[in-house]
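Asks: Listed below are the residues making up each chain.
Protein chains: 2
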Amino acid sequence: MTAAWRSVLPHLGYDLPPDLTPSQAAGPVSTGLPLELVRQSVSLREWWDIPEEVVAQYRKYRPTPLWRATAFEREVDARVPVYVKYEGGNISGSHKLNTALAQAFYYKRAGITEVVTGTGAGQWGTALAAACAAFGLRCTVFMVGGSLRDKPYRGSLMRLLGATVHASPSGLTSLTEGGNSLALAIGEAVEYARGGEGRAFCIGSGENYSILHQSVIGLEAIEQLDALGAEVDTVVGSVGAGSNFGGIALPFHARHRAGEAEAVRLLAVESSATPKLTRGVYAYDHTDATGSGPMEAMYSIGSSFSIPASHSAGLRFHGAAKLLSAMRHHGSVDAVAVGQREALDAGRRFAVSELVVPAPESGHALAGAARAARESTRGVLVCVSGHGLLDLSAYDQLLAGQVRDLAADEAALAAATAGLRLVEADLTGVK
Amino acid sequence: MTAAWRSVLPHLGYDLPPDLTPSQAAGPVSTGLPLELVRQSVSLREWWDIPEEVVAQYRKYRPTPLWRATAFEREVDARVPVYVKYEGGNISGSHKLNTALAQAFYYKRAGITEVVTGTGAGQWGTALAAACAAFGLRCTVFMVGGSLRDKPYRGSLMRLLGATVHASPSGLTSLTEGGNSLALAIGEAVEYARGGEGRAFCIGSGENYSILHQSVIGLEAIEQLDALGAEVDTVVGSVGAGSNFGGIALPFHARHRAGEAEAVRLLAVESSATPKLTRGVYAYDHTDATGSGPMEAMYSIGSSFSIPASHSAGLRFHGAAKLLSAMRHHGSVDAVAVGQREALDAGRRFAVSELVVPAPESGHALAGAARAARESTRGVLVCVSGHGLLDLSAYDQLLAGQVRDLAADEAALAAATAGLRLVEADLTGVK
Numbered sequence: 001m002t003a004a005w006r007s008v009l010p011h012l013g014y015d016l017p018p019d020l021t022p023s024q025a026a027g028p029v030s031t032g033l034p035l036e037l038v039r040q041s042v043s044l045r046e047w048w049d050i051p052e053e054v055v056a057q058y059r060k061y062r063p064t065p066l067w068r069a070t071a072f073e074r075e076v077d078a079r080v081p082v083y084v085k086y087e088g089g090n091i092s093g094s095h096k097l098n099t100a101l102a103q104a105f106y107y108k109r110a111g112i113t114e115v116v117t118g119t120g121a122g123q124w125g126t127a128l129a130a131a132c133a134a135f136g137l138r139c140t141v142f143m144v145g146g147s148l149r150d151k152p153y154r155g156s157l158m159r160l161l162g163a164t165v166h167a168s169p170s171g172l173t174s175l176t177e178g179g180n181s182l183a184l185a186i187g188e189a190v191e192y193a194r195g196g197e198g199r200a201f202c203i204g205s206g207e208n209y210s211i212l213h214q215s216v217i218g219l220e221a222i223e224q225l226d227a228l229g230a231e232v233d234t235v236v237g238s239v240g241a242g243s244n245f246g247g248i249a250l251p252f253h254a255r256h257r258a259g260e261a262e263a264v265r266l267l268a269v270e271s272s273a274t275p276k277l278t279r280g281v282y283a284y285d286h287t288d289a290t291g292s293g294p295m296e297a298m299y300s301i302g303s304s305f306s307i308p309a310s311h312s313a314g315l316r317f318h319g320a321a322k323l324l325s326a327m328r329h330h331g332s333v334d335a336v337a338v339g340q341r342e343a344l345d346a347g348r349r350f351a352v353s354e355l356v357v358p359a360p361e362s363g364h365a366l367a368g369a370a371r372a373a374r375e376s377t378r379g380v381l382v383c384v385s386g387h388g389l390l391d392l393s394a395y396d397q398l399l400a401g402q403v404r405d406l407a408a409d410e411a412a413l414a415a416a417t418a419g420l421r422l423v424e425a426d427l428t429g430v431k
Numbered sequence: 432m433t434a435a436w437r438s439v440l441p442h443l444g445y446d447l448p449p450d451l452t453p454s455q456a457a458g459p460v461s462t463g464l465p466l467e468l469v470r471q472s473v474s475l476r477e478w479w480d481i482p483e484e485v486v487a488q489y490r491k492y493r494p495t496p497l498w499r500a501t502a503f504e505r506e507v508d509a510r511v512p513v514y515v516k517y518e519g520g521n522i523s524g525s526h527k528l529n530t531a532l533a534q535a536f537y538y539k540r541a542g543i544t545e546v547v548t549g550t551g552a553g554q555w556g557t558a559l560a561a562a563c564a565a566f567g568l569r570c571t572v573f574m575v576g577g578s579l580r581d582k583p584y585r586g587s588l589m590r591l592l593g594a595t596v597h598a599s600p601s602g603l604t605s606l607t608e609g610g611n612s613l614a615l616a617i618g619e620a621v622e623y624a625r626g627g628e629g630r631a632f633c634i635g636s637g638e639n640y641s642i643l644h645q646s647v648i649g650l651e652a653i654e655q656l657d658a659l660g661a662e663v664d665t666v667v668g669s670v671g672a673g674s675n676f677g678g679i680a681l682p683f684h685a686r687h688r689a690g691e692a693e694a695v696r697l698l699a700v701e702s703s704a705t706p707k708l709t710r711g712v713y714a715y716d717h718t719d720a721t722g723s724g725p726m727e728a729m730y731s732i733g734s735s736f737s738i739p740a741s742h743s744a745g746l747r748f749h750g751a752a753k754l755l756s757a758m759r760h761h762g763s764v765d766a767v768a769v770g771q772r773e774a775l776d777a778g779r780r781f782a783v784s785e786l787v788v789p790a791p792e793s794g795h796a797l798a799g800a801a802r803a804a805r806e807s808t809r810g811v812l813v814c815v816s817g818h819g820l821l822d823l824s825a826y827d828q829l830l831a832g833q834v835r836d837l838a839a840d841e842a843a844l845a846a847a848t849a850g851l852r853l854v855e856a857d858l859t860g861v862k
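In the order they appear, the protein sequences are chains A and B. Here the working numbering is used: the first residue of the first sequence is 1, the next is one more, and so on. Here the working numbering is used: the first residue of the second sequence is 432, the next is one more, and so on.
Because the hints were derived from the structure by calculation, they are not lab data. Model, not experiment: these values are computed from the prediction. By construction, the Cβ of each residue, glycine as well, lies at the ideal position given by its N, Cα and C atoms. There could be a bad hint or two in this list.
[Stated by the list, open to error] Pairs of lysine-lysine, DSSO-like flavour, derived with a Cα cap of 27 Å:
(1) A:60 / B:539
(2) B:539 / A:151
(3) A:60 / A:108
[To be verified] Some residues of chain B that are not near chain A, with every Cβ distance over 10 Å (derived):
(4) 590
(5) 654
(6) 765
[As the list claims (entries may be wrong)] Quick look at which bits of chain B chain A covers, simulated, 3 or more residues with Cβ under 8 Å:
(7) 487-498
(8) 591-599
(9) 685-695
(10) 748-758
(11) 815-825
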């Protein structure tokens with residue numbers, strides 16, 4: 001198993017645009033962040049030894065499987081081999097556990113006794129609950145109330161792992177406005193974390209350190225492909241903020257930039273309902289809807305953009321991680337947007353052929369992989385970031401013909417991005 | 432990966448008591464059974480090459496993980512190492528897929544185009560649906576109506592895999608009496624299978640051939656323990672009819688009888704609500720409540736015993752497989768009964784420590800393993816036969832203090848077994 005994470009930062013050849021701190025003294029992300037996570041976010045160090053205690057936890061589910069999906073290839077008329085890296089086999093059901101374990105370890109070492117977070121569909125909350133069980137930390141999760149009612153098993157799983165789960169709005173904080181939104185749940189978590197001794201707020205994806213932790217996915221995949229004597233020219237992943245895509249794709253970029261291998265195409269697959277990489281702007285924007293955190297340089301459809309409900313809650317984010325955004329801006333990352341019907345149908349085809357039910361989010365990656373497999377000449381690697389066993393109602397609706405695609409409205413996009421300060425306009429020297 | 436199944440039949444040193452055919456011409460089990468499955472049930476051949484097509488499917492999820500559960504050991508104060516063999520990582524969520532794939536292959540080769548089955552909680556139906564998707568067979572499942580309503584995701588998963596799912600009673604057959612029972616669902620499946628060209632009824636566990644197919648579990652475990660340099664003196668599994676227990680345990684018995692290794696203790700863990708191995712009689716009984724099939728020699732609490740609803744639907748069976756029963760009768764298998772509260776608590780401890788949610792059925796095995804780990808001197812191997820992600824409501828109720836143990840009533844047991852013909856009385860020469 002991989003003993004170190006690999007950072008792509010030293011291989012970029014440029015600096016990431018700095019965050020713009022708002023007037024408030026501290027945003028959610030910087031609340032009590034352990035020093036090691038800060039270092040992992042900014043340092044140009046390439047290799048980071050994975051702490052022994054985290055390795056011991058990784059061993060419970062890593063290395064994760066990689067296989068050639070020959071039955072899926074036939075199902076989608078692929079002209080080249082398609083290899084699948086599957087991250088859904090752990091208790092949290094997704095890749096999120098890779099960074100949750102690392103973060104729980106660093107928070108515990110920093111003297112924190114209780115971590116607090118907000119979660120939408122619950123994958124991140126479940127991963128953090130599992131990580132806290134592993135490291136003996138208390139865990140408090142504010143989950144979007146509507147999601148918790150629609151998917152009660154997510155709450156059950158977090159509670160089974162010892163976490164305290166509050167439906168948001170919870171009545172425990174000053175925040176009550178904002179309805180059923182992740183922004184509200186996160187806002188509540190931030191306020192709750194500030195209100196108690198030994199508490200820290202903790203966030204699941206989009207940050208450089210979480211993408212670093214996810215590099216285990218791509219590093220393992222490279223070793224596994226080598227062991228099979230297999231070659232790929234395209235690496236595909238779905239993008240919510242970018243942590244599973246960054247995890248599988250960026251080690252390939254680092255390897256190439258270090259002169260160890262040829263370049264491969266990195267293909268990010270986003271939802272057509274939140275098309276930041278294909279139809280957004282590269283601008284300074286808030287990472288949440290409350291506007292309390294720093295502004296980051298990212299591809300965005302605007303933090304005020306009203307995102308419709310969909311079957312892929314994990315992709316319902318208005319921006320892409322700043323690292324991924326910069327790489328997109330510099331031409332190192334390709335992107336394509338996929339509708340949820342195509343995504344769920346790709347997920348169904350994968351389930352029937354490979355006997356694994358993918359999460360709807362991962363269905364997007366599979367749809368992208370099916371497209372890429374008609375363009376690639378050597379082979380495609382795709383990350384299936386999670387299982388869909390708690391999302392089966394989405395497939396029910398697909399089979400019943402009730403799923404419709406949700407393409408973002410042009411006028412709404414224009415309105416939501418109108419006030420953003422473009423990165424080119426503000427920081428031309430950075431580009 | 433294991434290339435052959437290993438039969439324990441040549442190592443028993445005695446014959447199994449023959450089935451007693453009832454007046455009806457054909458029982459459910461013998462309806463269109465492919466010749467190879469008949470041979471696997473009666474032959475004294477030891478090794479059976481796994482068909483190449485089945486191996487190709489096994490490779491999608493096998494070998495399954497085996498690991499030393501050090502965190503669980505601490506959780507239960509184990510004095511010896513506890514090794515876990517985990518069969519819940521495949522799409523069906525349990526070990527049932529091991530035999531479903533083999534059966535689907537043999538039925539297809541025998542010219543069958545549609546397999547039909549009855550399922551209670553849905554694990555077997557899901558496994559068969561997945562196997563039919565893999566081999567291009569039509570699959571029709573009659574599922575106990577109440578279970579289907581309580582656990583709709585089981586139905587969703589089967590449908591996603593292409594199966595047709597009917598809530599039983601379905602109105603499609605002459606059978607309408609019998610309420611929400613597995614016996615009724617099976618009865619409907621048998622009648623429906625008889626009514627169409629190319630259809631066959633198919634059954635999930637308890638038969639010698641399904642236990643043979645499950646031997647991949649134990650054969651793999653032996654190799655994996657050897658690779659770790661680990662030794663165990665006790666092998667533990669939960670018992671519904673006996674296929675996962677037989678799968679993990681019997682290869683150890685065969686190995687010992689073949690002079691390849693020392694004997695180990697084989698510990699079957701049953702539910703205290705259906706205590707056939709610890710409080711039943713060794714007698715001739717029906718395998719279902721309709722009484723249409725042959726009578727088999729088995730440990731039974733009586734096919735007329737009214738089994739209460741519980742959180743471990745997979746253990747709600749009145750008898751043990753005839754092979755397992757004979758071995759129990761001859762002293763080769765130990766047994767213990769565990770209440771569902773102890774079982775769910777063991778499951779919870781395992782989830783928190785090892786980051787895998789076990790099925791409530793597997794919680795029984797873990798409770799038995801925790802007990803055995805205080806008696807063993809060298810080490811314990813336990814089979815966790817399935818995941819509990821679709822059974823989280825059971826854990827909710829455990830955390831809420833609402834789970835009570837269900838011990839079978841003495842008078843009810845006596846009444847349900849009163850009319851059975853004991854094996855000793857009828858066939859004294861067999862013993």
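Asks: Look at each hint and say if it fits the structure.
Replies: Each hint, compared with the structure:
no.: 1; hint: A:60 / B:539; verdict: 38 Å, violated
no.: 2; hint: B:539 / A:151; verdict: 38 Å, violated
no.: 3; hint: A:60 / A:108; verdict: 20 Å, holds
no.: 4; hint: 590; verdict: 6 Å, violated
no.: 5; hint: 654; verdict: 18 Å, holds
no.: 6; hint: 765; verdict: 30 Å, holds
no.: 7; hint: 487-498; verdict: holds (count 5)
no.: 8; hint: 591-599; verdict: holds (count 3)
no.: 9; hint: 685-695; verdict: violated (count 0)
no.: 10; hint: 748-758; verdict: violated (count 0)
no.: 11; hint: 815-825; verdict: holds (count 4)
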